[in-house]
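Q: Sequence:
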Amino acid sequence: MKIALILLILIGVGCSDSTSDNKPVTVTELIDSGWNHFKNKDYNSSLQDFLAAKLLDSTNIEVLNGLGWTYLLLDDLNSSENTFNNGLAIDSNASDLHAGLSLCLASSESFNESIIHIEEVLRLEPSWTFEFGLEINFADLIFTESFLYFLLEDYENSLASIQLLDPNFSADIGTSNGINLLAD
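Its first residue numbered 1, the sequence shown is counted upward by one per residue in the working numbering.
Treat the hints with caution; some may be incorrect.
[What the hints assert, rightly or not] List time: in silico SDA-like cross-link candidates among lysine to any residue, alpha-carbon distance up to 20 Å:
{"#": "1", "residue 1": "LYS39", "residue 2": "LEU73"}
{"#": "2", "residue 1": "LYS39", "residue 2": "PHE132"}
{"#": "3", "residue 1": "LYS23", "residue 2": "SER45"}
{"#": "4", "residue 1": "LYS41", "residue 2": "ASP75"}
{"#": "5", "residue 1": "LYS39", "residue 2": "THR129"}
{"#": "6", "residue 1": "LYS54", "residue 2": "THR28"}
{"#": "7", "residue 1": "LYS41", "residue 2": "ALA52"}
{"#": "8", "residue 1": "LYS54", "residue 2": "VAL27"}
{"#": "9", "residue 1": "LYS23", "residue 2": "ALA52"}
{"#": "10", "residue 1": "LYS23", "residue 2": "LYS41"}
{"#": "11", "residue 1": "LYS54", "residue 2": "ASN86"}
{"#": "12", "residue 1": "LYS39", "residue 2": "ASP75"}
Worth flagging that the hints you see were computed from the coordinates, not collected in a lab.
This one's a predicted model, so the numbers in the text were calculated from it and none came from an experiment.
With the hints as constraints, model all of the structure from the sequences given.
A: Here's what the structure looks like:
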């Protein structure tokens, strides 16, 4: 009786359809699954999907984009920066890669480099919006740019960035009151 039970189990395992669990198998399916996990804030699963997709196609911009953003939100700044740079070496006009790299560099306190990538996003796609579950857009990048200029004590450019968002805002940056107003 035990032998018959073991045979039934083995036959059942041997005949099981490996795709019945609906795991993604193509690069496109892995990308879609990765972004779905990302949107649901399941960054570890997102990472696994994008890493699996990278094994299949290491030069796919969408794979590198998803992987870079996922590393960023997992606070793996070195991997994020490397991944974004690898993607930009393939497509230097990829706005999402520049945006992600700008935030990564800002987090790493590489403020000047971050500003360069923010400017590139705004040049490539002035009304840029991240479409994968995070509510980040061009206005957030401009605000970040203003903040970074402020941290660099470049109050003139900080003010100019804020005025892109609010043309009526003014502050006399030649005074401490004006700088405090800009800081608010």
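Q: Take the hints in turn and mark each one as holding or not.
A: For each hint, the structure was consulted:
Proposed proximity of LYS39 and LEU73 is supported: the alpha carbons are some 12 Å apart, at most 20 Å. As the CA atoms of LYS39 and PHE132 are separated by approximately 6 Å, the hinted pair is consistent with the 20 Å bound. Proximity of LYS23 to SER45 is assessed by CA-CA distance (about 12 Å); at most 20 Å being required, the pair is judged to hold. Restraint check: the Cα-Cα separation between LYS41 and ASP75 comes to about 13 Å, which is no more than 20 Å; the hinted pair holds.
Annotation: proposed proximity of LYS39 to THR129 holds, straight-line Cα distance about 14 Å (limit 20 Å). Pair hint LYS54 plus THR28 holds up; C-alpha atoms about 11 Å apart against a cutoff of 20 Å. For the proposed pair LYS41 and ALA52, the alpha carbon gap of about 18 Å is at most 20 Å, so the pair holds. For a cut-off of 20 Å, the pair hint linking LYS54 to VAL27 stands: about 8 Å separates their Cα positions.
With a CA separation close to 11 Å, the supplied pair LYS23 and ALA52 stays within the 20 Å bound. The hinted pair formed by LYS23 and LYS41 meets the criterion: a straight-line CA distance of about 19 Å does not exceed 20 Å. Restraint check for LYS54 and ASN86: satisfied, since their Cα atoms lie roughly 12 Å apart, inside the 20 Å limit. Taken as a hint, the LYS39 and ASP75 pair is honoured in the structure, with Cα atoms around 17 Å apart against an allowance of 20 Å.
Every hint from the earlier list agrees with this structure, and none is contradicted.
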